[in-house]
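Asker: Chains as they are written, first to last, in this note's numbering: chain A, 1 to 285; chain B, 1001 to 1483.
If you are wondering where the hints come from, they were derived from the structure by calculation, not from laboratory data. Do not rely on the hints blindly, as some may be mistaken.
Said to hold, decoys possible - The calculated DSS-like cross-link candidates involving lysine-lysine, where the alpha carbons are at most 27 Å apart (straight line), are:
#, chain 1, residue 1, chain 2, residue 2
1, A, Lys125, A, Lys273
2, B, Lys1222, B, Lys1005
3, A, Lys277, B, Lys1222
4, A, Lys273, B, Lys1278
5, B, Lys1356, B, Lys1327
6, A, Lys125, B, Lys1221
7, B, Lys1327, A, Lys6
8, B, Lys1327, B, Lys1376
9, B, Lys1222, A, Lys273
Unchecked claim - Listed below are several chain B residues computed to face chain A (Cβ distance under 8 Å; list not exhaustive):
#, residue
10, Leu1341
11, Ala1430
12, Ile1449
Glycine included, each C-beta is placed from N, C-alpha and C at the ideal position.
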Amino acid sequence: MNSNVKISPPQLIAMLLIGDVFALFCLRDGISAMTALAFAAAAALEFLVTLPFLTMYRGGRSIEAAGKIYLSVLLIFIIIRIFAVLSMLWSTGEIIFAPFAASGIWGRILVTAVIAAACVYIVSKGIKALSRACVISAAIGALCVAVVMISALLQSDFDNFRLASSEGFFSELLRGLSLGSGLGSLLVFAGFSNGKVMSSVIWYFISNIVITVCIILTGVLVCGGIMNITDFPIAAAAQLSQPIAVQRIDSLFLSVFAVFAVFAVAVQGSAAKLVVKQLFSKRSS
Amino acid sequence: MAENKMLHSNMEENIAIIKDISENSSDILINRFTTGNIKCALLFCEGMTSNLNACEMLFAPLMEIPEKDSPKQLFDHIRDNLLLSSDQTKAEDLNTLFRLLHSGFGVLLADGINIALAFGIQGYSSRSVQEPSGEGNIMGSHEGFVETVRTNMSLLRRRLKSPKLVMKLSVLGSESKTDICLCYMKDRVPRELLRRIEKSLNETNLEAILSTGYIRPFLEKKGFELFSSTGITERPDVLCSKLIEGRAAIMIDGLPYAIIVPRLFCESFHTLDDYAYKPYYAVFIRWLKYASFVLAILLPAVYTAIVMYHPELINSTLLMLLVEEEKNAPLSILTEAFLVLIMYEVIREAGVRLPKPVGGAVSIISGLIIGDAAVKSGLVSTPLLTMTALSVLGGLAIPDLNPQITVLRFAFLAAGGILGLFGVSVLACAVLINICSTETYGFPFTAPISPFSARGMTDTAIRQGMRKLQNRGFTVEEYEQHN
């Protein structure tokens, strides 16, 4: 493995945030202000869980310093995450990529296959190219998401605000933990950071919390009134986005969704590739 | 090979071998004479030397040499006491002799010595310095490179009189023996970059260098890259600006272009005019070009995708207009779009290749057939033609990227026509990753956007005023990735 490859903290944060934001886009069922709070708590909990593992990267060490068992567990975690992301794409794709929904299961298979093919190509290009591309995608995506969300807020109503959901705080916390389980890739890529690993990770979690709260609250304010009949509240909020009376801009959300889906899978795929490479090199030595 | 042989001391034997190797080529002229009591011969390549220079600089002084005891004494006298040419060298083997002869040198052989003296008296016809045809500039110089590398070196030296500008000549091409000139500022260019460029050039095994495209692949990373990580320019002023930033350049004899290493993606949108205008206007023009690039590759694809798959995204007035235009079209929008784009490419290529007297006919045919007859007959709809025209104009604003824009336009159109906006987005990801993986000698193509450099963005996202830019002390070494 080329441990000489280094990625900067902004690149690391962008790679991880893309997956988290994509997971938010695919959020199912009702949300409320409590969901935002619970998700923020889940992120904080994840940060505490990763702390002991991050000490491994002290002194400029990378994942090469990790043992086989650790790597194997990491790999399982990443593979589960890949399947989770693909299943989110599978279920949310139906309402996002409406033209393919008419083709039934074959349409969804086509969407997933095209994204998987793009991911294979992206993973083959290596971590340097992926990290650079993630920064650019994240920056443009953030701008587009901000535009969509702000224009969605124009349709919002503070009467839609819901403090608590039917599920308790603990259920929402578990939902947050399952959604934001990109810890595997975090632990892999943290070893490639050329800056201070701890500060990069802290900034990542802070950004994650801020973005999560903003997006969920926007979803609540826009779709609060129709939460009972909305399967995907964030996606629905984006689709209701209409800054100008005569023009919708949810095509922007569609494009961002597709791009984030590709990179969310690609980031996990890259992490898996690195772990497998390291595992096999350890086995042969 | 025979050309690798060393010269003999017997002059007639050398002449016989030269005639044999060149098969008595008619352009090699051999003039035998005696001077200093030594039999000599002057060899020229017809059309390559100046007769006037030959007479004044060589014939007259050589005939006045006093008697010498040996050919070595004769040559020592010529070297030490006569200044026959500003470019004087010697040849010990036939390879070097032929290269000098075919480069416009007059070659002096003498009986009894196994070396030849060569004198630079070039006088071949070459194009005069003119305005570059491919790189327009309003406020800058109107001089462009020409086919003669030494003239190009002088154009560069006139603009950068610093002794730190180094220009190293070498020869490339086993048959063409083309002169190439590696230029750099010795206090700014990263040494590792220079070493790697020289290594790449030494590893080329070409027979002839007839275009920049022969050398550029050896200076770029292996593998498929949509965009070239080396640049070319026809302008000496542009080349100077790149050299000051610590880049290296290669000028090739026979080509009015210089290859610049490394090149960044954002530089395709920069011109020297940007630095002639006020910063606010330069920023406006740059962002116009960025938007033109996006428009050029995406407009037909997005239009096709929205009309075919996402009509709900179009506002009702525009939708009714499009329905009215498209309902009578016999072909699908995707087919129409492909047809129009292919027609444009054929017309563009025909306009470039055909003789100038016939050029006017192309304009008439393209204007009548596409602009008028195709629309009136209903074969092509007006909105689609408008979108395609806008896309083509956008591409013309960035001529440097024209090949890539052309191919990407078709690729995105196919993606949009088959898979809608989803297809366009996924293809955009693939294109983005290809751009981000492009780098040459450790310099990422997407710098200073990613990896981000705030200093670099002062001349990318905006154009800072010259008062601030002059103090930047920027060199391209800041972007170098050491992994």
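Asker: With a cut-off of 27 Å on the C-alpha distance, tell me whether lysine 125 of chain A and lysine 273 of chain A pass.
Answerer: holds (12 Å)
Asker: Is the hinted pair lysine 1356 of chain B and lysine 1327 of chain B satisfied, with a Cα-Cα distance of at most 27 Å?
Answerer: violated (41 Å)
Asker: With a cut-off of 27 Å on the C-alpha distance, tell me whether lysine 273 of chain A and lysine 1278 of chain B pass.
Answerer: Violated, because 50 Å separates the two Cα atoms, which is more than 27 Å.
Asker: Is lysine 125 of chain A close enough to lysine 1221 of chain B, meaning Cα to Cα at most 27 Å?
Answerer: Judged against 27 Å, a Cα distance of about 13 Å means the pair holds.
Asker: For the hint on leucine 1341 of chain B, just tell me whether its beta-carbon gets within less than 8 Å of chain A.
Answerer: violated (22 Å)
Asker: Tell me if the interface restraint on alanine 1430 of chain B is satisfied: Cβ within less than 8 Å of some Cβ in chain A.
Answerer: At about 5 Å, which falls below the 8 Å cut-off, the nearest Cβ of chain A leaves the hint on alanine 1430 of chain B intact, so it holds.
Asker: Given the hinted pair lysine 1327 of chain B and lysine 6 of chain A, is their alpha-carbon gap at most 27 Å?
Answerer: Distance ~55 Å between lysine 1327 of chain B and lysine 6 of chain A Cα, so the pair is violated.
Asker: For a C-alpha distance cap of 27 Å, please report whether lysine 277 of chain A and lysine 1222 of chain B respect it.
Answerer: holds (23 Å)
Asker: Once the shortest beta carbon distance from isoleucine 1449 of chain B to chain A is found, is it less than 8 Å?
Answerer: holds (6 Å)
Asker: If you draw a straight line from the CA of lysine 1327 of chain B to the CA of lysine 1376 of chain B, is it 27 Å or shorter?
Answerer: Holds, at roughly 14 Å.
Asker: Is it true that the CA of lysine 1222 of chain B sits at most 27 Å from the CA of lysine 1005 of chain B?
Answerer: Cα-Cα ~37 Å, so violated.
Asker: Compare the distance between the alpha carbons of lysine 1222 of chain B and lysine 273 of chain A with 27 Å, and conclude whether the hinted pair is satisfied.
Answerer: Cα-Cα ~22 Å, so holds.
In this structure, the hints that do not hold are numbers 2, 4, 5, 7, 10, in rising order.
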